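Undergrad: Sequence order for the protein chains is E and B.
Going by the numbering used here, the first residue of the first sequence is number 1, and it counts up by one from there.
Going by the numbering used here, the first residue of the second sequence is number 116, and it counts up by one from there.
Hints are supplied without guarantee of correctness; some may be wrong.
If you want the ones that stay clear, here's a sample from chain B, every Cβ over 10 Å from chain E, calculated [to be verified]: (1) Tyr152; (2) Glu174; (3) Phe183; (4) Ala196; (5) Ala208; (6) Lys216; (7) Ser217.
Listed next, the in silico DSBU-like pairs over lysine-lysine satisfying Cα-Cα at most 35 Å (straight line) [unchecked claim]: (8) B/Lys131 / B/Lys228; (9) E/Lys71 / B/Lys228; (10) B/Lys131 / E/Lys71; (11) B/Lys131 / E/Lys44; (12) E/Lys62 / B/Lys118; (13) B/Lys153 / E/Lys51; (14) B/Lys228 / E/Lys27.
Just so you know, these hints were derived from the structure itself, not from any lab.
Keep in mind that this is a model prediction, so the values were computed, not measured.
Ideal placement from N, C-alpha and C gives every residue a C-beta, glycine not left out.
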Amino acid sequence: NAGVMQNPRHLVRRRGQEARLRCSPVKGHSHVYWYRQLPEEGLKFMVYLQKENIIDESGMPKERFSAEFPKEGPSILRIQQVVRGDSAAYFCASSPQGQGFDEQYFGPGTRLTVT
Amino acid sequence: AQKVTQAQTEISVVEKEDVTLDCVYETRDTTYYLFWYKQPPSGELVFLIRRNSFDEQNEISGRYSWNFQKSTSSFNFTITASQVVDSAVYFCALSDTNAGKSTFGDGTTLTVKP
Numbered sequence: 001n002a003g004v005m006q007n008p009r010h011l012v013r014r015r016g017q018e019a020r021l022r023c024s025p026v027k028g029h030s031h032v033y034w035y036r037q038l039p040e041e042g043l044k045f046m047v048y049l050q051k052e053n054i055i056d057e058s059g060m061p062k063e064r065f066s067a068e069f070p071k072e073g074p075s076i077l078r079i080q081q082v083v084r085g086d087s088a089a090y091f092c093a094s095s096p097q098g099q100g101f102d103e104q105y106f107g108p109g110t111r112l113t114v115t
Numbered sequence: 116a117q118k119v120t121q122a123q124t125e126i127s128v129v130e131k132e133d134v135t136l137d138c139v140y141e142t143r144d145t146t147y148y149l150f151w152y153k154q155p156p157s158g159e160l161v162f163l164i165r166r167n168s169f170d171e172q173n174e175i176s177g178r179y180s181w182n183f184q185k186s187t188s189s190f191n192f193t194i195t196a197s198q199v200v201d202s203a204v205y206f207c208a209l210s211d212t213n214a215g216k217s218t219f220g221d222g223t224t225l226t227v228k229p
């Protein structure tokens, strides 16, 4: 399967724990986007990364959230000290050129539940 | 700022009916891209179509068709002869030319009853 891989698919964390979500883009894609989907809502942009660089993090909460896309390995979305409001589906998408006309290939999402 | 509005929160039809999902967008960009995605109950996002702002031709793909009208900032999606398998949440999205990040509408939940 050459598509976007996300793991884990489901993640349960207690309040105060850390959540680490992984995204492996389509092979050859160097642009990654993270989106969050709260229950009954659409996807909201969080952050756009290119290899080793954060290009746009305008949608990221100021605290507790961070993202990286290292030279080697998957992109990681990290949520520290999770709270119940962080419960959502987190989708990763990749594109070949990072421009508007690119189709973004979405992963299956990680469903985070904070108890 | 970009905005996408899908005014229809939920639509319910009976199999074989035609159904149109509305999408209205706002952007200051002169060049932009519009998308439709399907999210079935399994939760993944399925890409359906991409349209750029300079191409106002309507498009048909099987039972799916799209009507892009720049004058009204609308990009509507019609399913002809709907089927139960069409039941899903459908999202309209808009992206700018530079960064490619997309702004999504809140989605329309389509239920097709047998």
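Undergrad: Next step is simple, just say for each hint if it's right about the structure.
TA: For each hint, the structure was consulted:
no. : hint                : in the structure
1   : Tyr152              : 8 Å, violated
2   : Glu174              : 15 Å, holds
3   : Phe183              : 15 Å, holds
4   : Ala196              : 27 Å, holds
5   : Ala208              : 8 Å, violated
6   : Lys216              : 5 Å, violated
7   : Ser217              : 7 Å, violated
8   : B/Lys131 / B/Lys228 : 9 Å, holds
9   : E/Lys71 / B/Lys228  : 48 Å, violated
10  : B/Lys131 / E/Lys71  : 50 Å, violated
11  : B/Lys131 / E/Lys44  : 33 Å, holds
12  : E/Lys62 / B/Lys118  : 22 Å, holds
13  : B/Lys153 / E/Lys51  : 28 Å, holds
14  : B/Lys228 / E/Lys27  : 39 Å, violated
Violated hints, in rising order: 1, 5, 6, 7, 9, 10, 14; the structure is consistent with all others.
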